[in-house]
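Given the sequences, and given the hints that come with them, work out the whole structure.
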Amino acid sequence: MSIKLFITLVSTPWPESATLYQPLKEDQILLSDCASSLAVQAYLRMCGLPVQVVCRANAEYMSPSGKIPFIHVGNQVVSELGPIVQFTKAKGNSLSDGLDDIQRAEMKAYMELVNNMLLTAELYIQWCDDATAAEISRPRYSSPYSWPLSNILAYQKQWEVRRKMNAVGWGGKTLEQVYEDVNQCCQALSQRLGTQPYFFNKQPTELDALVFGHLFTILTTRLTSTELAERIKSYSNLLSFCRRIEQTYFEDKSS
Amino acid sequence: MVWCSFGTMNCIINLDPLPMRGPELGVQPDDIEAPDIEHEPKQEVLENKNVVVQRVHIDGLGRTKDDVLTYEIAEVFQAKNLIDVMRRSHEARQKLLRLGIFRKVEVVIDTSRGEHALPNGLDVTFEVTELRRMTGSYNTMVGNNEGSMVLGLKLPNVLGRAEKMTFQFSYGTKETSYGLSFFKPQPGNFERNISLNVYKVTGQFPWSSLRETDRGVSGELSFPVWKTNQTLKWEGVWRELGCLARTASFAVREESGHSLKSSLSHSMVIDTRNSSILPRKGALMKIHQELAGYTGGDASFLKEDFEIQLNKTLFWDSVLSASLWGGLLLPIGDKPTNIADRFYLGGPTSIRGFSMYSMGPQSEGDYLGGEGYWAGGLHLYTPLPFRPGKGGFGDLFRTHFFLNAGNLCNLNYGEGPQAHLKKLAECIRWSYGVGVVLRLGNIARLELNYCIPMGVQSGDRICDGFQFGAGIRFL
Chain L
1 MSIKLFITLV STPWPESATL YQPLKEDQIL LSDCASSLAV QAYLRMCGLP
51 VQVVCRANAE YMSPSGKIPF IHVGNQVVSE LGPIVQFTKA KGNSLSDGLD
101 DIQRAEMKAY MELVNNMLLT AELYIQWCDD ATAAEISRPR YSSPYSWPLS
151 NILAYQKQWE VRRKMNAVGW GGKTLEQVYE DVNQCCQALS QRLGTQPYFF
201 NKQPTELDAL VFGHLFTILT TRLTSTELAE RIKSYSNLLS FCRRIEQTYF
251 EDKSS
Chain R
1 MVWCSFGTMN CIINLDPLPM RGPELGVQPD DIEAPDIEHE PKQEVLENKN
51 VVVQRVHIDG LGRTKDDVLT YEIAEVFQAK NLIDVMRRSH EARQKLLRLG
101 IFRKVEVVID TSRGEHALPN GLDVTFEVTE LRRMTGSYNT MVGNNEGSMV
151 LGLKLPNVLG RAEKMTFQFS YGTKETSYGL SFFKPQPGNF ERNISLNVYK
201 VTGQFPWSSL RETDRGVSGE LSFPVWKTNQ TLKWEGVWRE LGCLARTASF
251 AVREESGHSL KSSLSHSMVI DTRNSSILPR KGALMKIHQE LAGYTGGDAS
301 FLKEDFEIQL NKTLFWDSVL SASLWGGLLL PIGDKPTNIA DRFYLGGPTS
351 IRGFSMYSMG PQSEGDYLGG EGYWAGGLHL YTPLPFRPGK GGFGDLFRTH
401 FFLNAGNLCN LNYGEGPQAH LKKLAECIRW SYGVGVVLRL GNIARLELNY
451 CIPMGVQSGD RICDGFQFGA GIRFL
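These protein sequence lines map, in sequence, to chains L and R.
Just so we're aligned: 57 in the UniProt record's numbering is position 57 of the first sequence, and the numbers increase by one with no gaps anywhere.
Just so we're aligned: 184 in the UniProt record's numbering is position 184 of the second sequence, and the numbers increase by one with no gaps anywhere.
Heads up, a few of these hints could be off.
Here are the simulated BS3-like cross-link-like pairs (lysine-lysine), alpha carbons at most 27 Å apart as the crow flies [stated by the list, open to error]:
1) R:Lys390 to R:Lys281
2) L:Lys25 to R:Lys281
3) L:Lys67 to R:Lys174
4) R:Lys227 to R:Lys184
5) R:Lys200 to L:Lys157
What the hints contain is simulated information worked out from the structure, not anything from laboratory work.
Owing to the predicted nature of the structure, the values given are computational and were not obtained by experimental measurement.
Structural data, given as structure tokens:
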């Protein structure tokens with residue numbers, strides 16, 4: 001996550017033509033990318049910054065860091081939620097200004113938890129579970145390309161993700177263990193949320209956007225099994241949290 | 001040089017250049033035997049004596065198979081007199097050398113011996129030395145912020161019928177590339193050949209802030225038809241494009257990613273020039289077309305380009321040369337053209353006075369290439385003033401006066417050809433100047449020119465004043 005992009009930033013207002021790029025929605029995008037993209041979209045909506053969503057088959061390769069999503073604002077290109085939050089902050093829009101230092105540290109910790117647990121679990125299920133990889137991930141990932149390039153790119157991505165899983169120590173885990181990890185993560189989130197509307201009481205922050213992005217996508221994406229969604233559904237306050245954010249910020253969104 | 005022996009007299013005949021009138025007889029001191037009285041009359045009738053070539057054979061073959069060579073030496077049998085024998089032997093020797101499998105070929109013409117020997121029979125023997133099975137080369141190259149190690153392996157005559165396999169591997173600090181190629185000529189018809197290649201090449205194009213990695217296979221079939229050389233080729237390439245720097249324009253960023261091109265192409269070449277670098281006479285016409293998309297892959301287009309060059313020697317050892325290039329890229333279907341397929345123009349090898357490929361459609365300083373172009377050049381090559389180093393080093397240099405013009409743009413295919421011609425004819429860039437050309441072997445040339453670019457459009461990058469160029473193909 002490079003911050004070098006913002007060093008020479010001039011304070012220009014948010015342009016109308018700001019665009020967010022992600023892979024093709026219908027046929028190509030995978031669970032993890034969809035979750036990340038939705039998190040960024042939720043965050044920008046919470047900030048009141050309009051952005052157009054454009055789908056491109058080569059969005060992953062267009063991104064400067066190789067990760068989805070990225071936004072094109074003026075002549076700046078910024079990818080991933082962390083740098084985008086910094087970017088909007090430099091432009092004067094921030095959701096976490098009202099937090100004190102302890103709360104900010106807590107927020108960062110929970111965001112790390114979501115990234116290390118939920119996002120990694122999503123990647124594991126997509127690429128390390130053979131059934132999901134063969135039925136869903138590889139066909140979808142390679143859908144814009146013709147044979148034999150489709151096979152080459154799909155397997156290349158699979159090997160890359162599996163190597164990464166080994167590097168973070170998830171290589172030896174079973175699917176059950178992964179589901180259990182997700183469960184524990186949701187439990188922590190649910191406890192922190194309690195009965196509040198948002199994680200830090202009245203106002204949504206980037207943590208809310210991130211959690212919403214992941215949970216909502218998991219709930220609404222069809223996988224080979226519904227176990228993952230079931231684990232989340234067992235926490236009712238998380239469900240109502242997702243519904244609340246969807247209704248508040250996305251009700252004009254056509255599905 | 002040829003050894004001949006007639007009767008008891010040995011003589012040396014020089015075949016390069018061909019003698020105009022009869023052989024010149026020289027004598028080796030250690031081979032003189034007692035002179036024969038018959039020597040003189042034989043000497044006089046050597047030219048006109050009818051001979052029959054009874055045997056032609058090749059000595060020194062190792063792994064080369066015979067059947068390939070019989071075609072090359074077959075003509076020698078038809079010689080009717082001694083001069084003819086020598087001429088045909090010389091031609092056969094050239095044919096054997098062009099196969100690329102022998103290091104040395106020597107011809108020995110002798111009278112026939114043995115039971116079936118005719119009184120006017122001749123035996124022609126080609127003494128050959130085959131090339132080694134494998135030759136390797138190792139170079140290191142240092143270029144723009146990059147060092148690399150290049151390893152080359154060449155296996156001539158792999159299976160005995162003049163097949164050639166080459167392998168090149170380049171390992172650099174930034175990029176790695178390799179290429180493997182297999183070449184097989186048709187026995188008896190060397191100009192008809194097949195070539196298969198597998199390669200990975202990487203290129204960096206700073207004028208477009210683009211990095212391209214191509215991994216591909218290709219198969220090529222070449223054959224001569226009348227005076228032309230035709231080539232049919234199928235190529236499958238996996239292309240990976242990326243931005244060269246963070247500051248790349250968004251238009252180039254949008255082209256990043258992977259694509260697969262599977263294309264059939266045909267090219268026709270007629271080349272009557274006496275040399276490919278600084279020719280003095282002759283003409284070149286090259287027409288090339290490529291159709292992609294009908295054999296698979298993502299890219300779908302029809303690409304045409306041509307190259308014409310005419311040369312004429314004028315008074316006082318000067319040469320007038322005119323050349324014309326042009327090309328057109330037609331996308332098929334609704335996908336727009338890919339930056340890797342478009343044409344680029346400008347630079348010391350095309351329109352001098354402009355920076356390398358820095359002409360035409362661009363976005364934020366990155367040149368995106370165009371779908372149609374034409375370029376023309378008019379040159380007058382003269383020897384260096386006062387001809388320093390004449391007869392030696394100085395002959396490699398020429399002065400040239402040039403006039404280049406051209407245009408590169410995108411075409412809107414909704415409009416007709418009239419609109420296209422009009423578009424290519426407006427906003428013409430052109431330049432003129434003078435410079436010095438150095439010829440490097442028969443492959444490349446170096447140029448140092450003083451250029452004055454004109455007709456510069458906004459967005460073009462120029463290089464007026466002195467410009468240095470090195471390359472193989474110049475406008």
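Q: Run the structure past the numbered hints and jot down the numbers of the failing ones, going up.
A: 2
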